[in-house]
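If you want the building blocks of each chain, they are given just below.
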Amino acid sequence: MVVQRKIKVLVCKPGLDGHDRGAKVLARALRDAGMEVIYTGIHQTPDDVVNTVIQEDPDAVLLSMLSGAHNALCPVIMEKLKEHGIDDVLVAVGGIIPDEDKTFLENHGLKGFYGPGTDLNTIVEFVKNNLKR
Amino acid sequence: MTIIDEQKTLKPTKKERKEKFRNLSNIEIKRLYTLEDIKDLNYTMDLGEPGKFPFTRGVYPNMYRGRLWTMRQFAGFGNAKQTNNRYKFLLEHGTTGLSVAFSLHTIYGIEADDERALGEIGKEGVSIDTLKDMETLFDGIDLSKISTSMTINGPASILLALYIVTAEKQGHTPDQLRGTIQNDILKEYIAQKSWIFPPEASMRIIVDTIEYCTKYVPQWYTISISGYHIREAGSTAVQELAFTLADGFAYVESAMERGLDVDEFAPRLSFFFNSHNNFFEEVCKYRAARRIWAKHMKNKYGAKNPESMRLRFHTQTAGVSLTAQEPENNIVRVTLQALASVLGGTQSLHTNSFDEALCLPTEKAVKIALRTQQIIAHESGAADTVDPLAGSYYVEWLTNKMEEEAEEYFQKIENLGGVIPAIKANFFQKEIANASYKYQKEIENKGRTIVGVNDIEVREPCSTPLLKIDEKIAEEQIATLRKIKLERDNDKLRRVLGKLKESAHGTENLMPYILDAVRAYASIGEIINTLKEVFGTYQEDSIY
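Chains as they are written, first to last, in numbering that gives the first Met the number 0: chain A, 0 to 132; chain B, 0 to 543.
Hints in this document: simulated from the structure, not taken from any laboratory.
All residues carry an ideal CB built from backbone N, CA and C; glycine is no exception.
The reader is advised that the hints may include incorrect statements.
With the Cβ distance kept under 8 Å, some of the chain B side facing chain A (calculated, not the full set) [claimed, not checked]: (1) Tyr107; (2) Leu117; (3) Gly233; (4) Glu443.
Bound-form chain A, shown alone:
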């Protein structure tokens, strides 16, 4: 019998944003879909995020951002991951991400961009289909 390794996901709330309802619901949905989920809690600085990634070695990092700080914080997180040679982790951002910001964020290596009203299964499938390792 082949034992399949569980997909390990880090759900993060970067910045000062306290709107964590979506992040928590998503964390639970990913867990219910059989993944190993770590939820960082709120108020994560880019350094906090990167340190947790180094410690936990997740397959995917999902950033939940509703405060409008995504264009400022996401590139910093991506830059710092690169500095640590981490390039095989799926990094996605969702929350309130206006369409017009997507290209900018994509150019920094981010994916996802799921907003309010997204079916949880859509995100579960997205994670499964976009892993880099």
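Given chain A's structure and the hints, the job is docking chain B onto it.
Using the frame of chain A, we list chain B on its own:
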């Protein structure tokens, strides 16, 4: 056979749309309500005349026939100058009270040039660092004539001090000022997350503001005890009702422990509720809230003054109910939610703008939201009589039911040792996380239909124009702060902050020291950091 017996025996002939009908609190709703369901209802004891105990029918005898609710649109973005312009726009279009949304760095008492403020400045509210910003925010607005609500919690006493000093500079005394600071830290630990200090220190600061305002700012509402955020975080309506009132009782108990007379401070406590999609459930929630508060204040806390028993509240329509899909539909959702709050007897109302699932509201969207209130007020007839839904079998039954379920929660919270121990045990946080997950699953399983979201397959691209915050705002805010720090008397500043720290170590009321610091142009961040040295900070368990 009576009519009631006859109705009970008449079985519906066709299969119903659902096996069970449940509202958003998971209360099962029957096919029909009759006199039977409210046969124990005693008009005088359970409802009372409007303006009389237990205030179920409303806090005033003539309600909106006397004065309409305050149309108070929550607004703040960018810098103080931009928000000042938005206030003037709202005032020109008939808004009757101001409501300040602060930037996240202000909410946490973090200065604009702190690295944690990166990307946050002016995005979710107006960026305020010092008295200078506050003077700009209210420039040309007479603070003795308008009432202002400030959504601020951790640094609430500092923002109140800033408001008092800004008014002083306009030539007004504190006793002329009318408004509200949210100042409700308990719901921050429970749901909204913008705490700074540990709960015990936070409660001391809150009681300080209550004590100070009772003496010097008597027209000010000292706390806006808020269910709004609890609901937005995912609670049911019953949980919103129960947790909010439990918080309210905790504040009453803390102030009484300080030795304050309940009838001196309780009349200046106010409430803030959400208005979500289930119309009757929301109406009943407000009615039940009034009755529960009145009964507890009278019977448990020994209030004698009817003002202490009157639950006055602000309502905001449910942000979380707004959809990013077909956003124009939100105008209709907001209308129904606003109508529910009016039929529930709200004292003031914020109607959300239809584009808020996408961005901070544009001017056009804000205007429609305000017009929605005006149409309800002037065209619908809903404001012509007091508590028009009273006496409905369904409404009275559901009001009773929600009160009963709230009382069960009060018992559970008491068994855990009270609100603060229950927070530390993650009781509220777990209840809310469970409720929000259940709600989301119901939508995904199509147990609940959200029009335009889970009932359609074809998705049109979004074409709503969005409000963008210029990134230059952050640079300007940082420059303003640095300029103030160069220009002010920094020796004096160190002295006043030193005294503040000393008083924080003791038991004195902090307000006079905070006022001195504000007058010396201390930034909110500097005052908060001074207090953090004494009180420390709080960390939550990140459960989901």
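**Message:** If you test the structure against every hint from before, which numbers come out violated?
**Reply:** Checked against the structure, no hint fails, so every one of them is satisfied.
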